[in-house]
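Number of protein chains: 4
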Amino acid sequence: MSQASSTWILAAQCPSRLGTVDVVTRFLKENRCYITEQQSFDDRLSERFFIRTEFRPLDDDFSAETFQAAFAERADEFAMAFELTPPGRRVPVVIMVSKADHCLNDLLYRYRTGQLPIEIRAIVSNHPDLAPLAEWHDIPYHHFPITPETKAEQEAQVWEVIESSGVELVILARYMQVLSSDLCTKLSGRAINIHHSLLPGFKGAKPYHQAYDKGVKLVGATAHYINDDLDEGPIITQGVEPVGHADYPEDLVAKGRDIECLTLARAVALHVERRVFLHARRTVVFDR
Amino acid sequence: MSQASSTWILAAQCPSRLGTVDVVTRFLKENRCYITEQQSFDDRLSERFFIRTEFRPLDDDFSAETFQAAFAERADEFAMAFELTPPGRRVPVVIMVSKADHCLNDLLYRYRTGQLPIEIRAIVSNHPDLAPLAEWHDIPYHHFPITPETKAEQEAQVWEVIESSGVELVILARYMQVLSSDLCTKLSGRAINIHHSLLPGFKGAKPYHQAYDKGVKLVGATAHYINDDLDEGPIITQGVEPVGHADYPEDLVAKGRDIECLTLARAVALHVERRVFLHARRTVVFDR
Amino acid sequence: MSQASSTWILAAQCPSRLGTVDVVTRFLKENRCYITEQQSFDDRLSERFFIRTEFRPLDDDFSAETFQAAFAERADEFAMAFELTPPGRRVPVVIMVSKADHCLNDLLYRYRTGQLPIEIRAIVSNHPDLAPLAEWHDIPYHHFPITPETKAEQEAQVWEVIESSGVELVILARYMQVLSSDLCTKLSGRAINIHHSLLPGFKGAKPYHQAYDKGVKLVGATAHYINDDLDEGPIITQGVEPVGHADYPEDLVAKGRDIECLTLARAVALHVERRVFLHARRTVVFDR
Amino acid sequence: MSQASSTWILAAQCPSRLGTVDVVTRFLKENRCYITEQQSFDDRLSERFFIRTEFRPLDDDFSAETFQAAFAERADEFAMAFELTPPGRRVPVVIMVSKADHCLNDLLYRYRTGQLPIEIRAIVSNHPDLAPLAEWHDIPYHHFPITPETKAEQEAQVWEVIESSGVELVILARYMQVLSSDLCTKLSGRAINIHHSLLPGFKGAKPYHQAYDKGVKLVGATAHYINDDLDEGPIITQGVEPVGHADYPEDLVAKGRDIECLTLARAVALHVERRVFLHARRTVVFDR
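Chains as they are written, first to last, in this note's numbering: chain A, 1 to 288; chain B, 289 to 576; chain C, 577 to 864; chain D, 865 to 1152.
Treat the hints as calculated values from the structure; they're not laboratory data. Among the hints, erroneous ones may be present.
[Unchecked claim] Label pairs and their computed distance ranges (CB to CB):
1) D/S1028 x A/P86: 35 to 41 Å
2) D/S1044 x A/G244: 37 to 43 Å
3) C/D636 x A/S16: 16 to 22 Å
4) D/D1092 x B/E361: 53 to 59 Å
5) A/K214 x D/V1042: 47 to 53 Å
6) B/T435 x C/E695: 21 to 27 Å
7) D/L909 x B/E456: 44 to 50 Å
8) A/E135 x D/E1013: 40 to 46 Å
9) A/E135 x C/R593: 50 to 56 Å
We put the beta carbon where it would ideally sit given N, CA and C, even for glycine.
Whenever a hint applies, use it, and build me the whole structure from the sequences.
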């Protein structure tokens, strides 16, 4: 987004209380930060407040450290968690895949052309197939095969890559293995998965075959954060595609690829632009 | 649709076999019936053939009886079930409702203006609320209250109306009662229900509240034929609507109304234009 | 929308300048107004600032008059124009129609059921056809026939109804007459028209026939404010519908009705919820 | 599509006349060709008939040459033009680009993975930028710079590539030069262009900037055949994307990329699957 390239982002959430907007906007004004776009929402059911602000410092000597230290004091009073993101920041990520390459290919294109402000530190797979794609983009590719017996060991290898590469976000771009509860918990809230159905419909394996059997007229894709319950994590965004009687299961698989790519890329963009707020089992998404 | 007003429709299905298209098209040619639109599909998994043809007889002395009698002989060889529909035919229907009026209001408008070629013989409800709407459109309104104790009796009253009014189709336009298995079976394949979710997600009661709890980003509606299993009948069409974090359950209810109306009206239109073919638990829909 | 029923709305715009957000949010905080939802946008090309806030006064003795008087002083410094809207307010409107009833019927339903917070003071038409519909809803219907010779006179009658009924908004729900430049200017920014094409494509008469001739695969509808240039006023929202080769012009007319209704109703909802800001030839729309 | 891989396609068109369907279906039956899917349409305004059939020969000794020779005799009587396409055929194409790589990248991915049954014989550009992309996919890349003075010469080079590579289809994947009337005429009906607007809105240069100036709420893309009139050729398919006030022209450019890719890829798929019929200035598209 054009503005994002020159503006800072302040994202925050805290319990509902009078003055939550004011504590943010007054501070920005006092520090000569010019707000270009702002959205806030106070959820009356969970009694939680969310705010996202894009701003441009008017003074040349703006310091993120000073800003953060000073704002932290005020935020404390509201038990407000906040995050300040500088313009042009690229979020470091690891991408996990199996054999299907469509989502990876799509993410790599958006990464290579700068459309998606991420920095891909590594690609991890349980198969060797997509190594050439990684190589052409000059990204380390880790092939960690998995069997029922070696699952714990393999996940330890995966975790080692995630930890050592210092990434903020893990993207499961059609990684076809069920993660252990332990790894799910470790990645909770910082891993995005794409599931190829309109959750909660057709959880689990082979959702397009389930969709064919049920005879639905719409298929879709769901991008969600990982938590400790399979295909049950908080939803970020969903996409949909009409289908018909002439679409056999293999046609649904083929037709679904585009919407999977778009939905995952959209979720990653929303995440890295700090548009997604996670609270309990739900997300607040300040979309454009 | 403009063509429908001047063309006959021949809809047929039978087991897959060489010559299924030819038996239809050759007969039409020989009987000087001019085909304006035709679609056929041979389902390789269920081994079943479906065809829909719109045609215009070129001769003035075209007789439906003669056509049917003569075609029946050829169709017999293929175990082909067929239905011939004259131009401008209005399908007789009964509409069932509870208190929500949006789908009924929408159907009544399309009926009154001739957009939907149906003839509404009666409206049946377990509440008196929508009687004035029926009255303004000059349609008999039957108020049959229901309690757990009187359910069998009430369904007998409903059935009596359906039977006595000679209708072909029952439309459940947000009728909020679960039909007994017996009535479901009687209405199997000739009653269309609108369920306010993207089935198979959120079956049963209060689907918008379920959708809110799950935090989905898309809600929808599903129009399907009734069979003997709640919310599990063959799907005709589905519609979808984006929602967000600021939509509380009551907002989802409000937002969903339009897509419920459109999805139900579309399903009824597809049915009365003979575009829907039912086989086992699936539909073939020759849409435009 | 659920929140709207219990919250006040403050909508404002002014030239871009540091402190535009703060002047609003600080005042709300000081006056113990609890913000439930807020959106702001600062347009760097037109150098104009827009803000919309939903809030709930925490004190029982909240007075709109006091609020407005006090806030006006601060707004003045920013040359800020603002509008305060109480919960549950119904905007008084006049609807203008010709013979086509679909948009009127749709608006009347949403009005009758309270889905659209408007109060329809009168319906004006150049034809008598839709009088029964108005009558059933108990709304005054003015039939003012028009000919090239009587146009000025007819528009004077129309204007008299608009003025005397004290309405804020005029809705042209398929009123098929071109308004004079004079009336357009008088209604500038406070009349919403629905044009049955995706403007700027297919301006002027018979857009569906133009669309057929061009062979487009999508048709649509555009809701826009009236200004002094035919079909050129600021766009509020647009809707779209896929079409195909089998849709003759009369089919496009039929298919387009739903999207016209939905697009117009949506524009009116956005307007009355104070989500639309008009500046020069463009709109800022803070949608949900 | 799954069926396409094992079925032949017969596509035909001719003037309207009784027996047009029968001449096709009777021949297929007599030659023991099993029809799996068929669509036909008789356009009453242009008095032209179109039919598309997918079939599977039941006999092992099926010969395309024999089929074509025999069917040609019958087709002659109806002045019917037809085309027989074997299963798995890859249509040879040339792709033309300038500097923008998104559509090319998308087509290359679908080509590489076999999703799009094309064989890319060459890529032609007026800039050298996309040569590495072509190289990775092992496709000849011709860089033919263009200036106002060398336009005729450059187009001769382009034409030489098209002719010598024996391609059936030219894909203009964001080739930003206006072709000469001469080249347009040569390519008439066998070159597909993607224009980044919802034609007929925003013809010519910089459509997203035009869209911004107009303040539209939907942008889109149009895939159409080239004819001798700029941006006026017969439309194959169109795609649409919602936008808002916060989208500056450069955001529209960014947001439009996905819908351009999808719309162009869809048009190419429809073309190579013989689903598009061209007649006068319109297309008939037998979509799934």
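Here is how each hint holds up against the structure:
Separation of D/S1028 from A/P86 is about 53 Å and departs from the stated range, judged on CB atoms against 35 to 41 Å. In this structure, D/S1044 and A/G244 meet the distance hint of 37 to 43 Å, their C-beta atoms being roughly 42 Å apart. In this structure, C/D636 and A/S16 meet the distance hint of 16 to 22 Å, their C-beta atoms being roughly 20 Å apart. Between D/D1092 and B/E361, the C-beta spacing of about 54 Å keeps the proposed range 53 to 59 Å intact.
Between A/K214 and D/V1042 the beta carbons are some 50 Å apart, a value that agrees with the proposed interval 47 to 53 Å. Checked against the given bound of 21 to 27 Å, the beta carbons of B/T435 and C/E695, roughly 39 Å apart, lie outside it. A hinted range of 44 to 50 Å for the beta carbons of D/L909 and B/E456 is inconsistent with their spacing of about 33 Å. The supplied range of 40 to 46 Å is met by A/E135 and D/E1013, whose beta-carbon atoms lie about 43 Å from each other.
Distance hint check: the CB atoms of A/E135 and C/R593 are about 52 Å apart, consistent with the given range 50 to 56 Å.
The structure fails hints 1, 6, 7 (numbered hints given earlier, in ascending order).
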